[in-house]
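Novice: Sequence:
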Amino acid sequence: MKTQFPFGRRLPCDIYWHGVSFHDNDIFSGQVNKFPGMTEMVRKITLSRAVRIMQNLFPEEYNFYPRSWILPDEFQLFVAQVRMVKDGDPSWKPTFIVKPDGGCQGDGIYLIKDPSDIRLAGTLQSRPAVVQEYICKPLLIDKLKFDIRLYVLLKSLDPLEIYIAKDGLSRFCTEPYQEPSPKNLHHVFMHLTNYSLNIHSGNFVHSDSTSTGSKRTFSSILCRLSSKGVDIKKVWSDIISLVIKTVIALTPELKVFYQSDIPAGRPGPTCFQILGFDILLMKNLKPILLEVNANPSMRIEHEQELSPGVFENVPSLVDEEVKVAVIRDTLRLMDPLKNKREKHFPDIYMDRKHRFLPVSDRMSSSKLQLSEISIVRSQPHKKPLAGKEGPSDCEPAGASDTNPNPEAHLPSICLKQVFPKYAKQFNYLRLVDRMANLFIRFLGIKGSMKLGPTGFRTFIRNCKLSSSSLSMAAVDILYIDITRRWNSMTLDQRDSGMCLQAFVEAFFYLAQRKFKMLPLHEQVASLVDLCEYHLSLLDERRLVCGRSSRAGGRAPGSSTPQGATRSAQQADGHPPCCTDSARKSSGPRRALS
Numbered sequence: 056m057k058t059q060f061p062f063g064r065r066l067p068c069d070i071y072w073h074g075v076s077f078h079d080n081d082i083f084s085g086q087v088n089k090f091p092g093m094t095e096m097v098r099k100i101t102l103s104r105a106v107r108i109m110q111n112l113f114p115e116e117y118n119f120y121p122r123s124w125i126l127p128d129e130f131q132l133f134v135a136q137v138r139m140v141k142d143g144d145p146s147w148k149p150t151f152i153v154k155p156d157g158g159c160q161g162d163g164i165y166l167i168k169d170p171s172d173i174r175l176a177g178t179l180q181s182r183p184a185v186v187q188e189y190i191c192k193p194l195l196i197d198k199l200k201f202d203i204r205l206y207v208l209l210k211s212l213d214p215l216e217i218y219i220a221k222d223g224l225s226r227f228c229t230e231p232y233q234e235p236s237p238k239n240l241h242h243v244f245m246h247l248t249n250y251s252l253n254i255h256s257g258n259f260v261h262s263d264s265t266s267t268g269s270k271r272t273f274s275s276i277l278c279r280l281s282s283k284g285v286d287i288k289k290v291w292s293d294i295i296s297l298v299i300k301t302v303i304a305l306t307p308e309l310k311v312f313y314q315s316d317i318p319a320g321r322p323g324p325t326c327f328q329i330l331g332f333d334i335l336l337m338k339n340l341k342p343i344l345l346e347v348n349a350n351p352s353m354r355i356e357h358e359q360e361l362s363p364g365v366f367e368n369v370p371s372l373v374d375e376e377v378k379v380a381v382i383r384d385t386l387r388l389m390d391p392l393k394n395k396r397e398k399h400f401p402d403i404y405m406d407r408k409h410r411f412l413p414v415s416d417r418m419s420s421s422k423l424q425l426s427e428i429s430i431v432r433s434q435p436h437k438k439p440l441a442g443k444e445g446p447s448d449c450e451p452a453g454a455s456d457t458n459p460n461p462e463a464h465l466p467s468i469c470l471k472q473v474f475p476k477y478a479k480q481f482n483y484l485r486l487v488d489r490m491a492n493l494f495i496r497f498l499g500i501k502g503s504m505k506l507g508p509t510g511f512r513t514f515i516r517n518c519k520l521s522s523s524s525l526s527m528a529a530v531d532i533l534y535i536d537i538t539r540r541w542n543s544m545t546l547d548q549r550d551s552g553m554c555l556q557a558f559v560e561a562f563f564y565l566a567q568r569k570f571k572m573l574p575l576h577e578q579v580a581s582l583v584d585l586c587e588y589h590l591s592l593l594d595e596r597r598l599v600c601g602r603s604s605r606a607g608g609r610a611p612g613s614s615t616p617q618g619a620t621r622s623a624q625q626a627d628g629h630p631p632c633c634t635d636s637a638r639k640s641s642g643p644r645r646a647l648s
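For the sequence shown, this note's numbering assigns the number 56 to the initial residue and increments by one for each residue that follows.
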């Protein structure tokens, strides 16, 4: 039984459900539904910077995010790059969309055709923003542009665990779409899919059906596409890949926030969070990431005007269909008592994958399918394994009226794990995650988020990165130059020092100096391997020294520990070939389907 305490209570709770951020209340135990730093990380500028780092390393893998410039810092770069492309291709007629960094629900978003647009000058004076290439050829349904809101559960940060809801929302524009032109740039109901904008349109349609109206279930869209011969499994595979890659881009800095608010070794809660991914399908069905929401709306009703000025909250069938399942099944996955019940009643809580044929076995292809998420709700489940009399999909084996399983009456869980389920296909992308681990190791002071000059010098020394061509004086200059530039671009001036993104830039510079003949991602992977190798030797030597000091009363003539001999030998030798290791870690990606 779950009991709610909307006004709090003195005794600790199992789960704390915060409205906005991790810092809504001071929590010292249990589980809280927000990660520290998530709100900051999914702001438009921070998200764009995080994805850009990954685009530098893996441009082909991260081409699902539009080319972006950060204003006002990169305004001159934006002007120069647009001019250069136009000079090379006079037929290129781009459109750009400007999104204020702290904006939400479509507030302050507008389209421009040229960097000289007078409104852009106003943006530079008022508030930071991101300007992106506008997707001019979206997929249309009923001649209308639409986007997809998918719900993603980040269940754990370390180890990384990601779930995706098997259904989402499709939010429609309310004016038939036309490609951008100077005449229609200001038509927000044509170009912007935000529900909070289109609900004010006279053409907005509230429907009692999940497959009609201005807001529909994503599964109804997929059914419609499937009837036209579209490969729905491929669409889901691409979307899941986009979600995993985006979370991989966000996790390095989230780790820095996490260790700052919940330092290792101190009591604190564990965290989880429901995220809202806004995705656009292009005409060729390629998914494009629009943005990530840290606090997606979970309302299941809408306002209806009964008479002029008189409104009433009316239930929304579409919202209820999707959102209730997401909340319910998030609580089921995070239930702190579930593991205890599974331990005592393993037969009752046996995962359905042991009782039913896995989805990959039900498909014609024997290859791994990322589209394991059920797409069409109306499709019947396959029968249980031959020779096994199984209950329905909603009733665990052995369930009865006296069953201790409180979930026996609930429908099958709507959240499907995609990571670490597909970790082998995506782990090679986690280079920045490994850099973040190095960064956190040398922070020094618990709770700090910026690396001081002493910490950076210690990192260089311990990883043996200084040389005759890179003196410690040059290291200090590198630290000062990069740190000063990044501190001038960030609004958070609480701590002085090198932020993670500045450290990543310095790391890229060091990698390019040391491994000159390789692509950037192999240069970085090689340097990460080298750093981890030297630090592992250092940790082993410290461990051996600690054991030796504790065993100070050893009898004379006793043999030297084998680990100490091996460490000494390795310390005087050379590390394994980092380049080969890097090439293995960044080898060709396995097919997703």
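Source of the hints: derived by calculation from the structure; they are not laboratory data.
None of these values were measured; they are calculated from a predicted model.
Every residue gets a Cβ at the ideal spot worked out from N, C-alpha and C, and that includes glycine.
Keep in mind that a hint or two might mislead.
[Said to hold, decoys possible] Taking lysine-lysine and the DSBU-like style, the derived pairs with C-alpha atoms no more than 30 Å apart in a straight line are:
no., residue 1, residue 2
1, Lys300, Lys288
2, Lys338, Lys283
3, Lys141, Lys168
4, Lys289, Lys341
5, Lys338, Lys300
6, Lys341, Lys283
7, Lys289, Lys471
[Said to hold, decoys possible] Label pairs and their calculated CB-CB ranges:
no., residue 1, residue 2, range
8, Lys571, Leu598, 27 to 37 Å
9, Ser551, Met337, 41 to 51 Å
10, Ile500, Met544, 16 to 26 Å
11, Ser603, Asp531, 30 to 40 Å
12, Leu465, Met544, 40 to 50 Å
Novice: Against this structure, judge whether each hint is valid.
Specialist: A quick look at each hint next to the structure:
Among the hinted pairs, Lys300 with Lys288 is consistent with the structure: their alpha-carbon atoms are about 18 Å apart, no more than 30 Å. Pair hint Lys338 plus Lys283 holds up; C-alpha atoms about 14 Å apart against a cutoff of 30 Å. Restraint check: the Cα-Cα separation between Lys141 and Lys168 comes to about 12 Å, which is no more than 30 Å; the hinted pair holds. Of the pairs offered as hints, the one joining Lys289 and Lys341 holds, with about 10 Å between alpha carbons and a cut-off of 30 Å not exceeded.
The suggested pairing of Lys338 with Lys300 holds, with an alpha-carbon distance near 22 Å, which does not exceed 30 Å. For the given pair, Lys341 sits about 17 Å from Lys283 by alpha-carbon distance, which is consistent with the 30 Å threshold. In summary, the hint linking Lys289 to Lys471 is supported, as the alpha carbons are separated by about 17 Å, within the 30 Å threshold. Roughly 35 Å separates the CB atoms of Lys571 and Leu598, a value that falls within the hinted 27 to 37 Å.
Distance hint for Ser551 and Met337: a CB-CB separation of about 44 Å, consistent with the stated range 41 to 51 Å. Take Ile500 and Met544: their Cβ atoms lie about 23 Å apart, and the range 16 to 26 Å holds. The beta-carbon spacing between Ser603 and Asp531, approximately 35 Å, falls within the hinted interval of 30 to 40 Å. At roughly 48 Å, the beta-carbon separation of Leu465 and Met544 lies within the given 40 to 50 Å, and the hint holds.
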